[in-house]
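Enquirer: Since the structure of chain A is already known, use the hints to place chain B on it.
2 protein chains.
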Amino acid sequence: LGMAEALVISIDAMGGDHAPEIVVDGVEALAARRPDVRFLLHGPADRLATLLASRPRAQAVCQIRPAETVVAMDAKPSQALRQGRKSSMWNAIGSVAEGEAAAAVSAGNTGALMAMAKLRLRTVANVHRPALVANWPTTKDYAAVLDVGANIEADAEQLVEFAIMGEAFHRAVHGKARPRVALLNIGSEELKGHDEIRGAAELIRNAGVDIDFAGFIEGDAIGKGEIDVIVTDGFTGNIALKTAEGTAKQVAGYLRATLKAGLLSRLGALLLAPALLKLRAKMDPGRANGAVFLGLNGLVVKSHGGTDAAGFAAALDVAVRMAASHFQAEVAANLARFAAAAVAPAPAGDIAAESRAP
Amino acid sequence: LGMAEALVISIDAMGGDHAPEIVVDGVEALAARRPDVRFLLHGPADRLATLLASRPRAQAVCQIRPAETVVAMDAKPSQALRQGRKSSMWNAIGSVAEGEAAAAVSAGNTGALMAMAKLRLRTVANVHRPALVANWPTTKDYAAVLDVGANIEADAEQLVEFAIMGEAFHRAVHGKARPRVALLNIGSEELKGHDEIRGAAELIRNAGVDIDFAGFIEGDAIGKGEIDVIVTDGFTGNIALKTAEGTAKQVAGYLRATLKAGLLSRLGALLLAPALLKLRAKMDPGRANGAVFLGLNGLVVKSHGGTDAAGFAAALDVAVRMAASHFQAEVAANLARFAAAAVAPAPAGDIAAESRAP
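Quick mapping for you: the protein sequence lines, in order, are chains A and B. Its first residue numbered -5, the first sequence is counted upward by one per residue in the working numbering. Its first residue numbered -5, the second sequence is counted upward by one per residue in the working numbering.
Worth flagging that the hints you see were computed from the coordinates, not collected in a lab.
For lysine to any residue, the following SDA-like pairs were computed, each having C-alpha atoms within a straight-line distance of at most 20 Å: (1) B/Lys70 x A/Arg192; (2) A/Lys243 x B/Thr132; (3) B/Lys134 x A/Tyr248; (4) A/Lys243 x B/Glu239; (5) A/Lys170 x A/Glu324; (6) A/Lys170 x A/Ala327; (7) B/Lys170 x B/Ala323; (8) B/Lys170 x B/Gly219; (9) B/Lys243 x A/Leu273; (10) A/Lys243 x B/Ala251; (11) B/Lys80 x B/Gln57; (12) A/Lys243 x B/Gly181; (13) B/Lys243 x A/Arg250; (14) B/Lys243 x B/Ala263; (15) A/Lys70 x B/Gly187; (16) B/Lys170 x B/Ile205; (17) B/Lys70 x A/Phe210; (18) B/Lys243 x A/Gly247; (19) A/Lys243 x B/Arg274; (20) A/Lys254 x B/Leu264; (21) B/Lys254 x A/Arg250; (22) B/Lys272 x A/Leu258; (23) B/Lys272 x B/Tyr136; (24) B/Lys243 x A/Asp135; (25) B/Lys134 x A/Ala246; (26) B/Lys218 x B/Arg274; (27) B/Lys243 x A/Thr132; (28) A/Lys254 x B/Leu273; (29) A/Lys272 x B/Arg260; (30) A/Lys170 x A/Gly219; (31) A/Lys134 x A/Ala215; (32) B/Lys272 x A/Arg260; (33) A/Lys243 x B/Lys218; (34) A/Lys243 x B/Gly219; (35) A/Lys272 x B/Tyr248; (36) B/Lys243 x A/Arg274; (37) A/Lys218 x B/Ala246; (38) A/Lys112 x A/Ser72; (39) B/Lys243 x B/Gly300.
If we strip away everything but chain A, and leave its shape as in the complex, we get (with noise of 0.2 Å):
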């Protein structure tokens, strides 16, 4: 299988905290799930060769593509804009940009990433900005949370769309056929959330948008799984999914100290750890790594940064799924729907229906 019938798959072999060791061994991994899949690998080219000659599998599967400089962790966007254009980041994004790959997948900079892929991509057609998603484990299977990051604000329109590239998302990475998609709110009877939230449950029942609406959501259900896709503007988003993953790290430090506590707990640990196991590979963020800028006219998965391989093989899995699926036709036609819905003024019903009574 060449280049040019397999799917492809763009890398910034150079981002994240253990590049490239990690991404290489990554690309190993999902390689004996995927042999199909073909790699462009951007970064350093003499030390790339090295680390592909000792791994097979990722030898038969990659494309080395030399970029000698690398976007640092702590640059501002700004910077990385204006000094990082041969980088392997910039570099990763441009395949996608010029149709070679289908996706481009890095650990490296959110920001910068974020920034560059703005550039390179460009907003679609009927979005007005791109939202960043999550994916959020829960007790039945994952949600897909957005905004996460890319913007601090939406109005009721933005909620809107990141509820029907959330929904597609959702459908295009997990597989459900209807996600069911609800609003983040809170519950007081007399507080009922900002007039954006409202305004958005409004316009999704009313504005032509095909997608299974539940209404809204309390922070404490988003890890129930009854709702498939949660929406909410980026500054909400990010505090909710952080304060989930400190949470969780919180519980999990409770839980290995008492673990610890005396001879009795330790032999019990002792006969619970293969349970164990199984509980941390549940809690490990690892496992549905890969969150997606979602809005652009191409695929950027962002790779959590202190990830290790099978963490980064879950990123990639993630490209590889949205790349595979219908995810960018599907939007741009519901999107198209609600385009014409906010065009033409919706039928004033009542008053129709009472002009046309007897």
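Expert: Okay, now just chain B, sitting in the frame of chain A:
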């Protein structure tokens, strides 16, 4: 010790899912630790008298105040205000308004309690809106997080008021002399959060406020315990709090399933039982029960609606600590400094320095 000299707490004996039994049991529990505190028990006289008859410690410190109606847990605040004027909740707040009690405690309907408290106690001078503060368990102790739902928005000045009130609250309830305060924000370089948040940071640093201010904190750091008071608007705070509650429950659910998975695990769980019991206590929201409305002319503590006797005793304990503290005076002093700085424009440092230059 008579009512006149003692610290008096007023109680809505009919608020919450398991009232009035757990309320009276809660008083019984607290009276063992704090026999010096007196209680006004608002509710149906006969029913309360029967309950007190078998709880001698509670009986010794309670006075029953007959109230024949109850605010339903699902009543809308506006409805409660119209129909609830003789209710146990209304009268419990009334005892504070009339100076008979130093604080009121209720496990009832949050919205109704907030509306009644605002109406009967009014907002204190120099505060635009009251806030609801929660005790958030951290790996070290407890953090005070506010606002968690009294308002959905907050401008820069209101966030500063929340910071001042939260700081004094943390000192009153948890006893730290100089609590460390931060504003909840997102961390990305390019997206430094809403204008209100940056404005509040600026004001706290430069407008006469006397608190130990640490700048911004992200969602994943709330539970670490390095910051004692976390300030945010009521929408974001409510989302964060509920998301953390949901995540803790989710992880606890995984753990329960793990402990039951197979014979070895069950045996291990048996050996771990005492340690797991301690872990459970650590994760128990009841331990820090008692969200408080700050910014009113009087103290109102909200206990979880589904709480048990130990949880209700914890809420009573929060009320007692607050009432015995210098909270109101400390807040008034800091608010007055802030109000004065806001009226008198801050000295224009650089220009003044230049004009003094030779």
